[in-house]
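Just so we're aligned: the sequence shown equals residues 1 to 420 in full-length UniProt numbering.
Treat the hints loosely; a few may be bogus.
27 Å max Cα-Cα, derived DSSO-like pairs, lysine-lysine [what the hints assert, rightly or not]:
{"#": "1", "residue 1": "Lys248", "residue 2": "Lys287"}
{"#": "2", "residue 1": "Lys248", "residue 2": "Lys294"}
{"#": "3", "residue 1": "Lys283", "residue 2": "Lys223"}
Simulated from the structure, these hints should not be mistaken for lab results.
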Amino acid sequence: MSNGDEPDDGEAALTDLEDFESRLDSVAESLEAAETETDLDDVEATLDATAEALEAADLPEPDDEDEDDPSAELEGRIDGLWEDLNAQRGPYLEDVTDDLESVVSTVEGTRWTETGSAELDDAVASFLAEIDDEIDSTVEDGEPADRLDAAVEALSELDLDPDEDTETIEALLTAVDGLEDDIDAAESWDDLTVREQLIAEGFYEVLGPEGRRDYPPEWNAVKIYEKRYQQDRSDGEAIEMILLALEKLPGGKDHFMEENILDSLARIAPPEALEDVLPMADKRNEKAIRVVGKIGDPEALDTLLDFIDGDGDRSLQLETLRAVGAIGSEAATRTVADRLAAEDAEIRSAAARALGRIGDTRAIEPLADVLADDPEASVRASAAWALVQIGTERAFEAVETNADDSYLVQVEAEKAALSS
Numbered sequence: 001m002s003n004g005d006e007p008d009d010g011e012a013a014l015t016d017l018e019d020f021e022s023r024l025d026s027v028a029e030s031l032e033a034a035e036t037e038t039d040l041d042d043v044e045a046t047l048d049a050t051a052e053a054l055e056a057a058d059l060p061e062p063d064d065e066d067e068d069d070p071s072a073e074l075e076g077r078i079d080g081l082w083e084d085l086n087a088q089r090g091p092y093l094e095d096v097t098d099d100l101e102s103v104v105s106t107v108e109g110t111r112w113t114e115t116g117s118a119e120l121d122d123a124v125a126s127f128l129a130e131i132d133d134e135i136d137s138t139v140e141d142g143e144p145a146d147r148l149d150a151a152v153e154a155l156s157e158l159d160l161d162p163d164e165d166t167e168t169i170e171a172l173l174t175a176v177d178g179l180e181d182d183i184d185a186a187e188s189w190d191d192l193t194v195r196e197q198l199i200a201e202g203f204y205e206v207l208g209p210e211g212r213r214d215y216p217p218e219w220n221a222v223k224i225y226e227k228r229y230q231q232d233r234s235d236g237e238a239i240e241m242i243l244l245a246l247e248k249l250p251g252g253k254d255h256f257m258e259e260n261i262l263d264s265l266a267r268i269a270p271p272e273a274l275e276d277v278l279p280m281a282d283k284r285n286e287k288a289i290r291v292v293g294k295i296g297d298p299e300a301l302d303t304l305l306d307f308i309d310g311d312g313d314r315s316l317q318l319e320t321l322r323a324v325g326a327i328g329s330e331a332a333t334r335t336v337a338d339r340l341a342a343e344d345a346e347i348r349s350a351a352a353r354a355l356g357r358i359g360d361t362r363a364i365e366p367l368a369d370v371l372a373d374d375p376e377a378s379v380r381a382s383a384a385w386a387l388v389q390i391g392t393e394r395a396f397e398a399v400e401t402n403a404d405d406s407y408l409v410q411v412e413a414e415k416a417a418l419s420s
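Build the full structure now, drawing on both the sequences and the hints.
Take a look at the structure:
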C-alpha cells in the first residue's frame, strides 16, 4: 500500500511540484474520457491517492510573500476535480426517490386551499401516468401524499443501472421536476391574503350587513365571539375564531387588533388560549401577561417569575406581580416575597397584594414585617390587606397589632378583628 511516497499500482511516486501537476493533468484527462461508473471509480481512487500524497508531501514554500503557495494551488485543482467528478456521476435511481420524498414532505407540510387540493390531485395523477410504464405496480387512489409514498416504494424496487439505464433515470428525474413545478404552482393557504384566509375559515359569518360595514369588521366579529363565549363557555368555535384573529391580525404600527383581542381574552380568560398567548407573554407583552394571569394556569409561572427578579422594567414587574397573584400558586411565594424589599413602593405594594391572593401562610412573617416597618402607608395597607386575605389567626393578630396605623391599615385591622 502506498504511503504517499511510494509508487502505487505502478504509478510513479509524487515528490515535487511537477510530479503533482503531471498527475493532476492525467486525472483531468481520465475524467474527461470516463464513460462508465467504473471509469469514474478509477479516477476517484487516483484523485484520492493524490490528495493524500499532497498532504504528506514536503513541498518548498515560496520565498516571496507575494508568490502563490504551490500547495494551495494544487489543493484548489484537486477540489475542482472532485466537483467535476461528482457532477459527472449518475444519474442514480436514488436521486429520483430522494427528490420524490422531498416532494412528499412538501405535500404533507403544506396547507392547501380547496382550489390547491384539486390542483394537487391533478399534478399527482399526471405524474403517476407519466411514470406508469417504468414501475411494476399500480398506485391505488388515495390522498396525494400516500400515492406519492407508494410511488417511492415502487421506484425503489427497480433495478436501474446508471450506465445502462441513463435515459430512463433522466426521464424519471424530469418527471419529478415537473411534479415539483406543478405543486409549486398549486394554491396553498399561504398564497391567500389574511382577509381571504379569514373568509375561508368563516370568520366573518357572524357579522350581519351592518357589522361588515363598520370599521374594522374584524374587531366587530371578535366582540361577537367574545359575547358568545361569555354566554356559553363550551363554545369552542368562538375561541378558535378569536385566536385565529390574534394569529392573523397583529400587524400594523399601533397593533390595534392585537391589543384589543388581548383585552377581549383577558375579560373571558379561556384556558384554550394559554398555548397561543404564553409565547407572547414570554416576549414581555404586558397585555399577554395579563391574559395569562386571568387564565390562572400555574404552568405559566416558569415564564413569569423571571420578569420580577431584580429591578428591571417597572411596568412589566407590576403587571407580572398582578398576574402571578391571580394565578395563586404557592410555588411563587418565595420569589414574590423577595420583592417586598424592592426600592419602588408600588412594586412592594403589588408584591404584598400578590402574596395575599396566593394565600401561603409562609408569607405571614414577611408581610407582618412590612406592616410594622415599611415607610409608605400604601405599602403597609397592602400588607394588611394581604394578611386579611390569608386569614389565619396568626395573620389576623399581625394586623390587629397595627390597628393604630393609618386609616387604610385601620380598615383592614377592623376586618381582621371581625373575622378573628
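Hints, verified against the model:
| no. | hint | verdict |
| --- | --- | --- |
| 1 | Lys248 with Lys287 | holds (17 Å) |
| 2 | Lys248 with Lys294 | holds (23 Å) |
| 3 | Lys283 with Lys223 | holds (26 Å) |
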